[in-house]
Amino acid sequence: MSAVAETMNVTDERLAGLTLPAGGWSDAARKDALSRVQMMGLPSRRDEYWKYTRPDTLTQAVVVPAALFHNDEAALFDDVERLKIVFVDGVFDADASDDLSLEGVSIERLATADADIHWARDVYGVLETNGQKPVERPLAALNTAFATDGVLIHVTGAASKPINMIYLHNSETSDVMLHNVIKLDAGASLTVLETGPAAARLNMVTEVEVADTAAFHHIRAQGRDHERRAATHIFARLGTESVFKSFTLTANGVMTRNECVLELTGDDAKATVGGACVGDGDFHHDDTVFITHDAENCESRQVFKKVLRNGATGVFQGKILVKAGAQKTDGYQISQSLLLDGDSQFLAKPELEIYADDVICSHGSTSGAIDETALFYLQSRGISKPVATDLLTLSFLAEAVDEIEDETLREQINERMASWLERRRG
Amino acid sequence: MLKIENLHVKLEDEEKQILKGVNLEVGAGQVHAIMGPNGSGKSTLSYVLSGRAGYEVTDGEAHLGDVDLLDIEPEERAAAGLFLAFQYPVEIPGVGNMTFLRTAVNAQRKARGEEEMSAAEFLKVVRAKAKTLKIDADMLKRPVNVGFSGGEKKRNEILQMAMLEPKMCILDETDSGLDVDAMKLVSEGVNALRSEGRSFLVITHYQRLLDHIKPDVVHIMANGRIIKSGGPELALEVEQNGYADILAEVS
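Protein sequences, first through last, are from chains A and B.
Residue numbers 30 to 455, in the numbering used here, belong to the letters of the first sequence in order.
Residue numbers 77 to 327, in the numbering used here, belong to the letters of the second sequence in order.
In isolation and in its complexed conformation, chain A is listed as follows (with noise of 0.2 Å):
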């Protein structure tokens, strides 16, 4: 079977189990993307884009069971004051999440928003079509076409806390497709905090419209279920002087990928996307970023730590495009591994395609074992090896950790990931 027959068949097989669903004010967009899937065709090995990541188990009809994860810790985030909105295997939990209203946001379920002309209309599919170019990315409007359910936010002042998605798993063989819509108005500024696996196999896009002198801060945890598969989706557009920060802890999971574009649009606008993940045994964890400058002045920092054993595979993909014009632009992108054995792998491939002369780039990508001089000083304070090199691992992901601008936030994260290494030792 040649390679396009191939493509073909994984995706007819594909679409031919799922339905679109009436969307009213989106139907326009779900049929669009629908084509657009057509067109393209769901990713292959063959791709490209897919060269480190198998996307089979991803792309298939049948999803691969997921064991549920008996998790025995607090919830993260459970003391910090949020607004919460729960989905259990993708299905909203009325019953566990708060009532859906917040001072200056004004926030909505994608399944039962139905009015005719929705202001959603203008974001949803719309920033996910923009980024297929120049990269197609078909799992994401498999996603725009077929999402059944996600939350959407509109923001016109400064909210007062954060709101909390908080995506539970529940059963082995969830297959399950969200969508969020995030925009926020001149000058508005949210936190959101994304929890949990989700499902056992999560498609997931969230667009975020962020306008001129907006913030926008983002943190998620993606779940400790180690049998879980995700493919997400972050497409974002920066207005002048807006922020847009977002941070990703992984710990297990067999496969992610975690994609993020950006489109920095707007003069002196400030991006930043980083992740830390902690990777044991079966694991597979991609992070492919797409960073586009288009105006002047604008600041982007991508900072990817990754930490492996036992034959855990982690990837980067992470391209800086400064199109002509885009003078100024100051671009840092830094992926680093931690391999604690000799059996696991780290994957890199950055990229910088610039066309304008009067810009600062700078990259890095390097793997490395525990440093040998760091552990005995820490040795010949009386700490044992064990500890020792949760410290200094701990020490390698603060990097990236540490773009988490709320300290309180920061701190969650810190402690959280502490107390993972510690449990390990037993």
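Check each hint, because a few of them may be wrong.
[Claimed, not checked] A short, non-exhaustive set of chain B residues, derived as facing chain A with CB atoms under 8 Å:
#  : residue
1  : Asn99
2  : Leu100
3  : Arg128
4  : Ile148
5  : Phe162
6  : Pro169
7  : Ala180
8  : Gln184
9  : Gly189
10 : Ala238
11 : Glu241
[As the list claims (entries may be wrong)] Derived BS3-like pairs (lysine-lysine); straight-line CA-CA distance at most 30 Å:
#  : chain 1 : residue 1 : chain 2 : residue 2
12 : B       : Lys217    : A       : Lys190
13 : A       : Lys414    : B       : Lys200
14 : A       : Lys80     : A       : Lys162
15 : A       : Lys299    : B       : Lys92
16 : B       : Lys92     : A       : Lys348
17 : A       : Lys299    : B       : Lys217
18 : B       : Lys207    : A       : Lys274
19 : B       : Lys290    : B       : Lys79
20 : A       : Lys162    : A       : Lys357
21 : B       : Lys260    : A       : Lys414
22 : B       : Lys304    : A       : Lys414
23 : B       : Lys260    : B       : Lys86
24 : B       : Lys290    : A       : Lys352
25 : B       : Lys290    : B       : Lys260
26 : B       : Lys243    : B       : Lys207
27 : A       : Lys274    : A       : Lys80
28 : B       : Lys79     : B       : Lys96
29 : B       : Lys290    : A       : Lys414
30 : B       : Lys205    : B       : Lys86
31 : B       : Lys243    : B       : Lys290
32 : A       : Lys414    : B       : Lys92
33 : B       : Lys243    : B       : Lys217
34 : B       : Lys290    : B       : Lys304
35 : B       : Lys217    : B       : Lys186
36 : A       : Lys414    : B       : Lys229
[What the hints assert, rightly or not] Sample of chain B residues at the chain A side, in silico, Cβ under 7 Å:
#  : residue
37 : Ser126
38 : Ala154
39 : Gly170
40 : Met174
To be clear, the hints were calculated from the coordinates, so they are not data collected in a lab.
Even for Gly, the Cβ is constructed at its ideal location relative to N, Cα and C.
Dock chain B against chain A, hints included.
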């Protein structure tokens, strides 16, 4: 306190003998200094005693009290009361100095079967000790040694020593990279820790540190052995005449 007998050490990865029969005994409460030309094995001795990887003991013994040092892990040596102040203290980004200190103090207490120090008690003690070393609250909060000046790093070593209360302290060229004032401050920190139950082994190139930390015994090390021992006047002799005379005398 510390007894080293006929210690022979080579590099693990190559056939290079570095220590060729070191004998040394430091009594309780004593301060001994080791001086010697570059490459004589001074720093190696400190690393081997504290358990750094990369060295192989081919012969000899080292005991701290009843504890056979060479048989146990670095952290066990620390719990037994050994402390090495590093020539180049290591920077550890992302780990707060305070967290590091408390982890170390409590790890040692636990290893010795003692009760762990509470956060409040620890804070009180560390603040008091930091103050005498002119270590401010900011330095305690910052990641271990990150962005510290040379002097700050060495003061931080002495703070660790003060918190861990070891029996046997080895100072590996603690004076290197210090200006006169910093050296005075560090020396005062060390002197404040001198007691009947605590001994020091001070490794240095220069006599001036020994003006501040007065040794009971001075040893001259060359080519992997201690070739001469004497009183504080031996350090003065080295300062004035260099090592050439002593090396010639013993060869």
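Hint check results:
Interface hint status for B:Asn99: violated, as the beta-carbon distance to the closest one in chain A is roughly 24 Å, over 8 Å. Of the supplied interface hints, the one on B:Leu100 is violated, with its beta-carbon coming no nearer than about 20 Å to a beta-carbon of chain A, more than 8 Å. Below 8 Å, beta-carbon pairs count as interface contacts, and B:Arg128 has one with chain A at about 5 Å; its hint therefore holds. Checking B:Ile148 against chain A: minimum C-beta separation of about 11 Å lies over 8 Å; hint violated.
Taken as an interface hint, B:Phe162 checks out: its beta carbon lies about 7 Å from the nearest beta carbon of chain A, inside 8 Å. The restraint placing B:Pro169 at the interface with chain A holds, with a minimum CB-CB distance near 6 Å, inside the 8 Å limit. Interface restraint check for B:Ala180: the shortest CB-CB distance to chain A comes to about 4 Å, inside 8 Å, so the restraint holds. Interface hint status for B:Gln184: upheld, as the beta-carbon distance to the closest one in chain A is roughly 4 Å, under 8 Å.
Evaluation of the B:Gly189 hint against chain A yields a violated restraint, the C-beta minimum of about 14 Å exceeding 8 Å. Taking 8 Å as the C-beta cut-off, the interface hint given for B:Ala238 is violated, the closest approach to chain A being about 13 Å. About 11 Å separates the beta-carbon of B:Glu241 from the nearest beta-carbon of chain A, more than 8 Å, and the hint is not met. A hinted pair counts as satisfied when its Cα atoms are at most 30 Å apart, and B:Lys217 with A:Lys190 qualifies at roughly 28 Å.
Straight-line distance between C-alpha atoms of A:Lys414 and B:Lys200 comes to about 28 Å, which keeps the hinted pair within the 30 Å bound. With a C-alpha separation of about 18 Å, the suggested pairing of A:Lys80 with A:Lys162 holds against the 30 Å cut-off. Distance hint between A:Lys299 and B:Lys92 is unfulfilled; the C-alpha atoms sit about 55 Å from each other, more than 30 Å. With a C-alpha separation of about 48 Å, the suggested pairing of B:Lys92 with A:Lys348 is violated against the 30 Å cut-off.
At roughly 28 Å between alpha-carbon atoms, A:Lys299 and B:Lys217 fall within 30 Å of each other, so this suggested pair holds. Restraint check for B:Lys207 and A:Lys274: not satisfied, since their Cα atoms lie roughly 39 Å apart, outside the 30 Å limit. Proposed proximity of B:Lys290 and B:Lys79 is supported: the alpha carbons are some 21 Å apart, at most 30 Å. A hinted pair counts as satisfied when its Cα atoms are at most 30 Å apart, and A:Lys162 with A:Lys357 qualifies at roughly 24 Å.
With a C-alpha separation of about 34 Å, the suggested pair B:Lys260 and A:Lys414 falls outside the 30 Å cut-off, and the hint is violated. The suggested pairing of B:Lys304 with A:Lys414 is violated, with an alpha-carbon distance near 38 Å, which exceeds 30 Å. For the proposed pair B:Lys260 and B:Lys86, the alpha carbon gap of about 36 Å is over 30 Å, so the pair is violated. For the proposed pair B:Lys290 and A:Lys352, the alpha carbon gap of about 67 Å is over 30 Å, so the pair is violated.
As the CA atoms of B:Lys290 and B:Lys260 are separated by approximately 13 Å, the hinted pair is consistent with the 30 Å bound. The suggested pairing of B:Lys243 with B:Lys207 holds, with an alpha-carbon distance near 23 Å, which does not exceed 30 Å. For the suggested pair A:Lys274 and A:Lys80, the alpha carbons sit about 28 Å apart, so the restraint of at most 30 Å is met. A hinted pair counts as satisfied when its Cα atoms are at most 30 Å apart, and B:Lys79 with B:Lys96 qualifies at roughly 16 Å.
Taking the CA atoms of B:Lys290 and A:Lys414, the gap is about 36 Å. The hint is violated against a cut of 30 Å. About 39 Å separates the Cα atoms of B:Lys205 and B:Lys86, which puts this hinted pair outside 30 Å; it is violated. Proximity of B:Lys243 to B:Lys290 is assessed by CA-CA distance (about 18 Å); at most 30 Å being required, the pair is judged to hold. Annotation: proposed proximity of A:Lys414 to B:Lys92 holds, straight-line Cα distance about 28 Å (limit 30 Å).
Distance check on the hinted pair: B:Lys243 and B:Lys217 sit about 27 Å apart at the alpha-carbon level, within 30 Å; holds. Note on B:Lys290 and B:Lys304: the hinted pairing holds, with a Cα-Cα distance of about 18 Å set against a maximum of 30 Å. Restraint check for B:Lys217 and B:Lys186: the C-alpha separation of about 24 Å stays at or below 30 Å, so the hint holds. Distance check on the hinted pair: A:Lys414 and B:Lys229 sit about 23 Å apart at the alpha-carbon level, within 30 Å; holds.
Hint on B:Ser126 holds. Least Cβ distance to chain A is approximately 5 Å, under the 7 Å limit. For B:Ala154, the shortest C-beta to C-beta distance to chain A is roughly 4 Å, which falls under 7 Å, so the interface hint holds. Because the smallest distance between the Cβ of B:Gly170 and any Cβ of chain A comes to about 3 Å, under 7 Å, the interface hint for this residue holds. For B:Met174, the interface hint is violated, since its Cβ never comes within 7 Å of a Cβ in chain A; the closest pair sits about 13 Å apart.
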